[in-house]
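Chain residues, written in single-letter form:
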Amino acid sequence: MIREFTLNDVYYLLLAARWTLALTSIAFLGGGAVGLIVAVMRISPFSSLRLASTLFVNVVQGIPLLAWLFVFFFGLPILVGVRVSPWAAAVAAYAVYAGAFLGEIWRGCLQAIPRQQWEAGASLALSFASQLRYIIVPQAIRIAIPPTVGFLVQLIKNTSLAAVIGFVELTREGQLTTAATYRPFSVYIVVAAIYFSMCFPLTQWSRRLERTLRVAR
Amino acid sequence: MKYTFNFRDVWAQWDFLMSGIAVTIILTIVTVLAGSAIGALGAAARVYGRPWMRALAACYVECIRNTPLIVQLFIVFFGLPSAGVRLNAMTAAMIALAINLGAYATEIIRAGLEAIPKAQIEAGYSLGLSGVQVFRYVVLIPALQIVYPALTSQFVLVMLATSVVSQISAPDLFHVASIIQSRTFRDFEIYAIVASVYLALALALKSAFAAIAHVAFTRR
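From first to last, the protein sequence lines stand for chains G and P.
In terms of my numbering, the first sequence opens at residue 14 and continues consecutively.
In terms of my numbering, the second sequence opens at residue 1000 and continues consecutively.
Hints are computed from structural coordinates only; laboratory data are not their basis.
Please read these numbers as outputs of a predicted model, since none were measured by experiment.
Take these hints with a grain of salt, some might be off.
What follows is a list of derived Cβ distance ranges for each label pair [stated by the list, open to error]:
1) Phe213/G x Ser1081/P: 19 to 27 Å
2) Met1017/P x Thr67/G: 38 to 46 Å
3) Pro1050/P x Gln217/G: 14 to 22 Å
A partial selection of chain G residues facing chain P, derived with a Cβ cut-off under 7 Å [claimed, not checked]:
4) Phe18
5) Gly75
6) Gly88
7) Leu89
8) Ile91
9) Val95
10) Ala193
11) Phe198
12) Val203
13) Phe209
14) Phe213
15) Pro214
16) Gln217
Even for Gly, the Cβ is constructed at its ideal location relative to N, Cα and C.
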């Protein structure tokens, strides 16, 4: 039986948006950890680490996220030997995906710090790790915030692809609601509006941060 | 790990896989051409347009950039028929992708247009060029040169994003993969191959753009 598309459905879509936010948060945490390692490897003094991280970034960025989701969804059971839930597959895929992009963004921010800052650290007899920790990173964080917020918007939008491996978030809930009500236009407009209301404030915030930072410099 | 890999069944479908690759390439070319045209128009409207044109272009950019591509695709393919517009999967895919890329290209090209110094435009006029000629030779081409790296990496991202059109059953590489998967039950093998093909396409595209830049932008 086809039922009407009512405010109740809008309420359920809003509830499903929580899972979009939950997946985004976990993906951002996982991706942040991977990204930090990638960024440091990319600027490390060891050429083998630089090569490995460059390879990682190029491979991850050269393959669509959709393919990563499927590779993890079907590949993890082979590697681990157990069937994985859409949750586990999605988190792993997004951590790898976000890690490569955040790693590249943060590498750029680390490299934007003038060379002399490194040299000053070295002349104080600080180790590579200490130079990074006490001199470079505190300055790089300021530059890194606007593009990181910008990437967060990308991540929120890209969690919509987790719908294809059966992860129930906003887009999947929209598909389910469409199947029940047969009102695709109204449903997907509402879904788009919910995404917009999550992303637009972040976009504006990122833009404002960029402006204030430019003035500060 | 007790799994035995078996690529033979998948390779047997090579012709079918090739048809998917062809569709992905065609989709990419059409999207890049149409999206760049929309981007150039949108950027011109945002920078030189009347206030209502600027507002319209800004609204377009924000609406598209703050919603996921897959939802835009669903609105075009599943939603528009209820407004009386019925499109086949390929047409819907091209329209949605071009509108999506157009928004990103608008922002990128706008940044380039704003980087052109005013004096350069005045120099163009003082040489007796018309408004259209100034826009084309003095503004647009140098602006494109400035934003070329950002624009072309967006093109590569769009090539990868075409995989999403498999969700409305446009017969692209990813859709072909899911059909082969259901025929052979070789989930991991097929997606590993498809991932490698995308990677090869992305690298090929990147080197092609680098080569074009080398030929087009080297000053002689």
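Structure-based check of each hint:
1. Phe213/G x Ser1081/P: 19 to 27 Å: Between Phe213/G and Ser1081/P, where Cβ atoms are some 26 Å apart, the hint holds.
2. Met1017/P x Thr67/G: 38 to 46 Å: 30 Å, violated
3. Pro1050/P x Gln217/G: 14 to 22 Å: 20 Å, holds
4. Phe18: 11 Å, violated
5. Gly75: 4 Å, holds
6. Gly88: 5 Å, holds
7. Leu89: 9 Å, violated
8. Ile91: At 4 Å from the nearest chain P Cβ, Ile91/G passes the 7 Å test, so the hint holds.
9. Val95: Given a least distance of 12 Å, the restraint on Val95/G is violated.
10. Ala193: 14 Å, violated
11. Phe198: 4 Å, holds
12. Val203: For Val203/G, the interface hint is violated, since the closest Cβ of chain P sits about 10 Å away, which is over 7 Å.
13. Phe209: With Cβ-Cβ at 5 Å, under 7 Å, it holds.
14. Phe213: Interface hint status for Phe213/G: holds (5 Å vs cutoff 7 Å).
15. Pro214: Since the shortest Cβ distance to chain P is 9 Å, the answer is violated.
16. Gln217: 9 Å, violated
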